[in-house]
Every structure is written in structure tokens, then in C-alpha cells.
Amino acid sequence: QKEVEQDPGPLSVPEGAIVSLNCTYSNSAFQYFMWYRQYSRKGPELLMYTYSSGNKEDGRFTAQVDKSSKYISLFIRDSQPSDSATYLCAMNVYGGATNKLIFGTGTLLAVQP
Amino acid sequence: EAGVAQSPRYKIIEKRQSVAFWCNPISGHATLYWYQQILGQGPKLLIQFQNNGVVDDSQLPKDRFSAERLKGVDSTLKIQPAKLEDSAVYLCASSPPGADTQYFGPGTRLTVL
Numbered sequence: 005q006k007e008v009e010q011d012p013g014p015l016s017v018p019e020g021a022i023v024s025l026n027c028t029y030s031n032s033a034f035q036y037f038m039w040y041r042q043y044s045r046k047g048p049e050l051l052m053y054t055y056s057s058g059n060k061e062d063g064r065f066t067a068q069v070d071k072s073s074k075y076i077s078l079f080i081r082d083s084q085p086s087d088s089a090t091y092l093c094a095m096n097v098y099g100g101a102t103n104k105l106i107f108g109t110g111t112l113l114a115v116q117p
Numbered sequence: 016e017a018g019v020a021q022s023p024r025y026k027i028i029e030k031r032q033s034v035a036f037w038c039n040p041i042s043g044h045a046t047l048y049w050y051q052q053i054l055g056q057g058p059k060l061l062i063q064f065q066n067n068g069v070v071d072d073s074q075l076p077k078d079r080f081s082a083e084r085l086k087g088v089d090s091t092l093k094i095q096p097a098k099l100e101d102s103a104v105y106l107c108a109s110s111p112p113g114a115d116t117q118y119f120g121p122g123t124r125l126t127v128l
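Chains as they are written, first to last, in my numbering: chain A, 5 to 117; chain B, 16 to 128.
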């Protein structure tokens, strides 16, 4: 079983739709959760990070963590064609000497104009 | 603030040849990472440096891969000899002191024929 599971998609939605991207994980020691956005032929760009269960909002993006279910989500409101990219979840044990991020496989999102 | 710089952006070699990649992290970032991202997968950590010391190289195939970070700034990753399965994007990332967030460069896309 992989430590982090993510539906690879592709996910295609019309412009303006609400998008829900999800990851599950098996390691209960994970405490630090991130979402990265990766455009084609570019490096991953940090979108959101959180240390705790609950919701964190930043503009059109909301990150949600449910540690009891080992489940994290990223919601995108009013999706735009410029949101078309691969979204990677990543997680780590906070404060460890090594800071190895464990990534999901990424979900490819296409927002149709 | 300038981001993480990597070169070359693309490289095509034949199997059994050697290749080297270069990374310049964000100024002041003490921690530097090399990740391998195979097509359709999330990045996988190869090696982590703290200043010029290795913190984690547990997933680096040491029979063919080597990395160094002289003077605690720039880093090079070398593959010798390359195999077909080394075809991937090699991403460099860096973190500021005391932070968990990692900032990625654009990557080097390696094709081994």
C-alpha cells in the first residue's frame, strides 16, 4: 500500500465549477500537509500548507484536513482555465531531522472555458 | 526574490553515458533537495543536504548516482552510467532555515535513449 494515494484523473470541469481534489494517507505520523500546483513542463509551486485538522482558506482555494480519517482535500471555487494543471498533495512528519516530502501521484485538472 | 535555478532544462543522452545537473537554490536557503519525478508520478526524494552535509540519501541509487554541495550553496547531481529507467524530470528544491516549506526549480528533463 502506498503511503499517499491520489486519484490521477484526468478531471475535466467547466469554467466556474467547484473542484474537489483528494488524497488519502496511511501513515498516522504525518502532521504537515501541502498542496502543490504543477503546470506542464514546470516545477511544483506551493499553493497551501497546514499543520492541523480543519479548514484553511486562501482566496479561491480551501485546504481541508481530517486526521481521524487520514484524508485531505483541496477545493477550488469559481475555477478558471488558468487553474488547469496537475495538483499534487504532499505530506511530512513535522519537525523531523529529515524533511522528506511524500507526494501523491498528482491529479490532472482541465478547466474548460 | 529569485527562485531556484536549474540547468540544463533538457538533456538527451544514450544509455551508459554520464550526465550532470546543476542547481542554485534561493539565497539564504540552507536546505537543498534533489527529487526524481517519473512521468505520471509524484516527485521522489533522492537526497537532502543541510548546508554542505548530507541529511538523507536513503533513496539515492549510489551505484550510479552521486551528488555534492560544495560550500553549502550550489549543488550538482550526476548519473554515471545512465539507464533507460533514469528518464525523468530531476527537480531541485530548497528551504529556508527552520521552515518545512520547499520551493522547487523548473527541473531538468532527462531522456535516456
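Honestly, the hints are just simulated from the structure, not real lab data.
You may find that some hints are simply not true.
[To be verified] Label pairs and their calculated CB-CB ranges:
{"hint": "1", "chain 1": "A", "residue 1": "V97", "chain 2": "B", "residue 2": "A35", "range": "39 to 45 Å"}
{"hint": "2", "chain 1": "A", "residue 1": "S57", "chain 2": "B", "residue 2": "S42", "range": "32 to 38 Å"}
{"hint": "3", "chain 1": "B", "residue 1": "I27", "chain 2": "A", "residue 2": "S86", "range": "28 to 34 Å"}
{"hint": "4", "chain 1": "A", "residue 1": "P85", "chain 2": "B", "residue 2": "K98", "range": "35 to 41 Å"}
[As the list claims (entries may be wrong)] One side only, chain A facing chain B, incomplete, derived with CB under 8 Å:
{"hint": "5", "residue": "M52"}
{"hint": "6", "residue": "Y53"}
{"hint": "7", "residue": "S57"}
{"hint": "8", "residue": "G58"}
{"hint": "9", "residue": "L105"}
[Stated by the list, open to error] Which chain A residues face chain B? A few, computed with CB under 10 Å, are given here:
{"hint": "10", "residue": "Q68"}
{"hint": "11", "residue": "C93"}
{"hint": "12", "residue": "A114"}
{"hint": "13", "residue": "Q116"}
Because the structure is a prediction, the values reported are computed rather than measured.
Cβ atoms here follow ideal geometry from the backbone N, Cα and C, with glycine treated the same way.
Next on the checklist: Just to be careful: measuring from the Cβ of L105/A to every Cβ in chain B, is the smallest value less than 8 Å?
Outcome noted: Status holds, d = 6 Å.
Checklist entry - Any CB of chain B closer than 10 Å to the CB of Q116/A? => result violated (22 Å)
Next on the checklist: Please check whether S57/A passes as an interface residue: C-beta within 8 Å of a C-beta belonging to chain B.
Outcome noted: This hint is violated: S57/A lies away from chain B, its Cβ roughly 17 Å from the closest one there, beyond 8 Å.
Checklist entry - In this structure, is the beta-carbon distance linking S57/A and S42/B contained in 32 to 38 Å? => result holds (35 Å)
Checklist entry - Within 28 to 34 Å or not, the Cβ separation of I27/B and S86/A? => result With a Cβ separation near 31 Å, I27/B and S86/A satisfy 28 to 34 Å, so the hint holds.
Checklist entry - Taking 10 Å as the limit, does the beta-carbon of C93/A come near enough to a beta-carbon in chain B? => result With Cβ-Cβ at 8 Å, under 10 Å, it holds.
Item to check | Hint check: 8 Å Cβ-Cβ cutoff, M52/A to chain B | outcome: violated (11 Å)
Checklist entry - Can we keep the A114/A interface hint, with Cβ of chain B closer than 10 Å? => result At about 16 Å, which exceeds the 10 Å cut-off, the nearest Cβ of chain B leaves the hint on A114/A violated.
Item to check | Supplied contact hint for Y53/A, tested at 8 Å Cβ to chain B | outcome: At 6 Å from the nearest chain B Cβ, Y53/A passes the 8 Å test, so the hint holds.
Next on the checklist: Would the hint on G58/A be counted as holding, given a Cβ-Cβ threshold of 8 Å to chain B?
Outcome noted: violated (18 Å)
Checklist entry - Measuring from beta carbon to beta carbon, are P85/A and K98/B in 35 to 41 Å? => result 39 Å Cβ-Cβ, so the 35 to 41 Å window holds.
Checklist entry - Falls inside 39 to 45 Å, the C-beta gap from V97/A to A35/B? => result violated (32 Å)
Of the numbered hints listed earlier, those contradicted by the structure are 1, 5, 7, 8, 10, 12 and 13.
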